[in-house]
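> Spelled out from the first residue to the last, the chains are:
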Amino acid sequence: MSDEKLATKATRLGLSLDVWAVLTSFLLALLVRVGVLKHVPW
Amino acid sequence: MATSVALPSQEAQNPFANVIRFIPGVLLLAAIGFAGKVLEQSINGYAKSHHMVIPNVEYVLWAIALGLLVSNTLTIPKVFLPGIATYEFWLKAGIVLLGARFVLGDVLKLGGISIGLVVLEISGSLILMTLLGRLFNLRPKLSTLLAIGSAVCGVSAIIAAKGAIDADDEDSSFAIAAILALGAIALVTFPLIGHALHLTDNAYGLWAGLAVDNTAEATAAGALFSDAAGKVAVLAKTTRNATIGFVVLGYAIYWASRGQAEKVKNKGAFLWKKFPKFVLGFLAISLLVSVHVFNKEQVGALANLSRWAFLLTFAGVGLRTNFREMSKQGLRPFIVGALGEVLIAVLTLGLVVGANAIWKL
Chain A
1 MSDEKLATKA
11 TRLGLSLDVW
21 AVLTSFLLAL
31 LVRVGVLKHV
41 PW
Chain B
43 MATSVALPSQ
53 EAQNPFANVI
63 RFIPGVLLLA
73 AIGFAGKVLE
83 QSINGYAKSH
93 HMVIPNVEYV
103 LWAIALGLLV
113 SNTLTIPKVF
123 LPGIATYEFW
133 LKAGIVLLGA
143 RFVLGDVLKL
153 GGISIGLVVL
163 EISGSLILMT
173 LLGRLFNLRP
183 KLSTLLAIGS
193 AVCGVSAIIA
203 AKGAIDADDE
213 DSSFAIAAIL
223 ALGAIALVTF
233 PLIGHALHLT
243 DNAYGLWAGL
253 AVDNTAEATA
263 AGALFSDAAG
273 KVAVLAKTTR
283 NATIGFVVLG
293 YAIYWASRGQ
303 AEKVKNKGAF
313 LWKKFPKFVL
323 GFLAISLLVS
333 VHVFNKEQVG
343 ALANLSRWAF
353 LLTFAGVGLR
363 TNFREMSKQG
373 LRPFIVGALG
383 EVLIAVLTLG
393 LVVGANAIWK
403 L
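Taken in sequence, the protein lines are chains A and B. Everything in the first sequence is counted per the numbering used here, starting at 1 for the first residue and increasing by one. Everything in the second sequence is counted per the numbering used here, starting at 43 for the first residue and increasing by one.
Keep in mind the hints are simulated off the structure, nothing from the lab. Some hints here could point you the wrong way.
Selected chain B positions facing chain A (in silico; Cβ < 7 Å) [claimed, not checked]:
hint, residue
1, Ala135
2, Ala311
3, Pro318
4, Leu325
5, Gln340
6, Ala343
7, Leu344
8, Asn346
9, Leu347
We put the CB at the ideal spot given by N, CA and C, even for glycine.
Bound-form chain A, shown alone (with noise of 0.2 Å):
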């Protein structure tokens, strides 16, 4: 997908940076339930 058409798709969906922020955040809490993230170092 072109950065263009992308930018038009996340335009379009209307979501705000707070939806943006849990949705990417319960992304990341799936990776890691599902052992695809397994060790995050720190």
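Following the hints, position chain B against chain A.
Below, chain B alone, put in the same frame as chain A:
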């Protein structure tokens, strides 16, 4: 860097609007944040290997200081600006993931205490800032913006209120500059005062969450004291953020009644629109951890993801703070803000000390 006081553009509100545009700035945030972490480890390692006793300077402070150094000594190329603006996205993602470090019982206990203190803090702050605004002859809407910014959640609250009360761009920029400058001062003063008063992690975290205006600075001020205090500061600040809709709605109704803002047609929809959704995300992750959806190792991974997100935020706090730009905004809003903040800091410290005596925080 003009972005230190400019209102975020629509594009800055949505970090996925044009992914490529954000990459240079995000890489800069990551590089500065990581450099802060490496500096902390290197200096501590050097001191340990040479049997030296030096005070530990946390990666939080290094990341902010490096960001400040870059933004105040160099002209940041425009290509980095969209990515730097994503620091607020990382802050909110970090808060949601931080939910993994709280079981719901802790959230309810500390959150319950926070709610009581937040109500007192907001009432006191709104009254104080309004009185100071009148005393110093600030424009009424500028006073309103400063009051909302200092009572609730800094820049986000000012932006939320700007549209609702039809404030002009100049007033918003004044208020944002004052809040950001005072936030930068709080980063240095709060941890020093907290240590001087021998506050516990919980008491200090509550104080930072109640008194420091901007969420990023409150998170950093908490983390500068200790990791545990940083957690509590975020919880208290998140509780404060959750009230944004009610405060802004109150002012919108007030200014509409004076014919200086549009009437709010649907109050429920207004509240939902202004409500910070990341608070719900934080509670959801905390709930999932409390019912053992994640094992111990997974909770650790989520907590570390939260730390990485905050690392980018702290670098962003430094990078978007440009003292030269702030100084152009005039002294009076800053003086009103500074006086108000000192009084609010004293008021909230009193509240926290009182709560500590009752509930043994």
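> For each hint, tell me whether it holds in the structure or not.
Hints and how they fare:
no., hint, in the structure
1, Ala135, "holds (4 Å)"
2, Ala311, "violated (14 Å)"
3, Pro318, "holds (6 Å)"
4, Leu325, "violated (11 Å)"
5, Gln340, "holds (5 Å)"
6, Ala343, "holds (4 Å)"
7, Leu344, "holds (6 Å)"
8, Asn346, "holds (4 Å)"
9, Leu347, "holds (5 Å)"
Checked against the numbered hints listed earlier, the structure breaks hints 2 and 4; every other hint is satisfied.
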